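K.L.:
Residues per chain, in single letters:
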Amino acid sequence: MQKKTEQYDVVIIGGGAAGLTAGIYCGRAKLKTLLIEKSLVGGLATYTNEIENYPGFPEGATGLGLMDLFHKQAKKFGVTFKLTDVRAVSLEGETKVVETFRNRYEAKAVIVASGGKPRLTGAKGEKEYLYDKGISFCATCDAAANTDKTVLVIGSGDAAIEEGIFLTKFAKKVIVSVMHDNGKMDCNEIAKAQALANPKMEFIWNTVVDSFEGEERLRTVVLKNVKTEEKIPVTVDSCFLFIGYVPNTEIFRDVLTMNRGGYLITNERMETNISGVFAVGDVRDKFLKQVATAVGDGAVAGYGVEKYIAECEIFEQQILNQGNPSLVFFYNAVDAGSRELLPKLEEFESNAPHIRVTRVDTYKSDGIAKKLKVDRTPCAVYLEEGKIAGVCEQEITVEALQRLCQEIF
Amino acid sequence: MAEFTLDCLGEACPVPLMKTEKKLNELTVGDVLIISIDHSCAMKNVPEWARKQGHNVEIEEVDDGEWEIVIEKTK
Chain A
266 MQKKTEQYDV VIIGGGAAGL TAGIYCGRAK LKTLLIEKSL VGGLATYTNE IENYPGFPEG
326 ATGLGLMDLF HKQAKKFGVT FKLTDVRAVS LEGETKVVET FRNRYEAKAV IVASGGKPRL
386 TGAKGEKEYL YDKGISFCAT CDAAANTDKT VLVIGSGDAA IEEGIFLTKF AKKVIVSVMH
446 DNGKMDCNEI AKAQALANPK MEFIWNTVVD SFEGEERLRT VVLKNVKTEE KIPVTVDSCF
506 LFIGYVPNTE IFRDVLTMNR GGYLITNERM ETNISGVFAV GDVRDKFLKQ VATAVGDGAV
566 AGYGVEKYIA ECEIFEQQIL NQGNPSLVFF YNAVDAGSRE LLPKLEEFES NAPHIRVTRV
626 DTYKSDGIAK KLKVDRTPCA VYLEEGKIAG VCEQEITVEA LQRLCQEIF
Chain B
1024 MAEFTLDCLG EACPVPLMKT EKKLNELTVG DVLIISIDHS CAMKNVPEWA RKQGHNVEIE
1084 EVDDGEWEIV IEKTK
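As given, the protein sequences belong to chains A and B, one line each in that order. Just so we're aligned, residue 266 is where the first sequence starts under our numbering, counting upward by one. Just so we're aligned, residue 1024 is where the second sequence starts under our numbering, counting upward by one.
Rather than coming from a laboratory, the hints here were simulated on the basis of the structure. Among the hints, erroneous ones may be present.
[Said to hold, decoys possible] Here are the simulated BS3-like cross-link-like pairs (lysine-lysine), alpha carbons at most 25 Å apart as the crow flies:
| no. | chain 1 | residue 1 | chain 2 | residue 2 |
| --- | --- | --- | --- | --- |
| 1 | A | K295 | A | K398 |
| 2 | A | K295 | A | K392 |
| 3 | A | K652 | B | K1046 |
| 4 | A | K382 | A | K437 |
| 5 | B | K1042 | A | K398 |
| 6 | A | K268 | B | K1042 |
| 7 | A | K382 | A | K554 |
| 8 | A | K340 | B | K1098 |
| 9 | A | K268 | B | K1098 |
Please read these numbers as outputs of a predicted model, since none were measured by experiment.
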């Protein structure tokens, strides 16, 4: 089957809080924006029943409800949504390519917002019982199916305990396997107190999963006491894993720089090691993973993409000037010294009509300066045949500029 | 390369997934199954399950809160 090729300014991979925010910024900047999400728009936040710490919602919001608002806002700014998974990417070139099983999308910039996926225990038998066979990662999705049943929750973080409490509304018993000592949990104190007081919840301390057993469906989870090595078989109808996340970065391996855990490394502008490729949200190596911080990442990357694309165009069309003589003057608008040189530049320009002159304010953005390896202002760079032919950093005068350009002739 | 449809409108998890699994078993490689759903939970487990099986999956949002999951059987 021949894949269909489509062109966009920017392709965003992932439709969680970070990807949607980046979409809102790109769409509002009038960029032709495509957002690819593999299943439900909203990402990880939609797995959470209640979001109480996202500013602007004093009554709290449901994850799904909040993400629906993000989605609507992105649509309002003309973002195109495609619900499928990304199979392959090619990011190194000037034109980036993102492939799904039917399409090939070409873009000037790519924002990776692929987030994470639930971490597995790695215990024996786990693969045989994933999803519909008894091991679940989404209480909201599978709670109703466990009405009056016995379920086991693995983990003691916020997600494990809060979702465990939610499950008690349906299940007859919720057993929680905690790897720490009696009474110690990784979650917040409020959730902990609620869980300990919940009559339907039961805790098995100092344990991790040793194996998953059953026939067609999961029947028994064998826990292991980490101190005594004792094996504890627990008969269950379903098991919910809430032991953290791993980043969705397989398709970027050996292409984008990542840390040992597979999280993408970016600078504070969300730029990865490849120019024109940004990473935002939970997929990024960062301190705090929340909707509020994902939104910040998305805004930075959306703005960054807009600047990147604009600068690429100026660079291609104006500065390289099809190989004809081109002089670029870098100044910082907040620095009086470099601002005062602007009239001199005008004088130079009127006497050299064959040279295309470009003024770049590095206070607004330093992308073009970086492309020409300029790290201080004021500075003048002369280009011929698309290459740097000379640089003038000190005592920029009309004569100095003329000398800079004449040395070549 | 026949096309089949499955109406799961108004049905909550895990019903759409169970129906999909059963229906897909009856199909032959290359066939396409289109499942209509309106419960967001099925948007998570149905595509996730199908991809894990190695099938090709694409979703169309046909209306606000209503989707068609397109699965191409690959094996």
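K.L.:
What hint numbers does the structure not satisfy?
P.N.:
1, 2, 3, 4, 6 and 8
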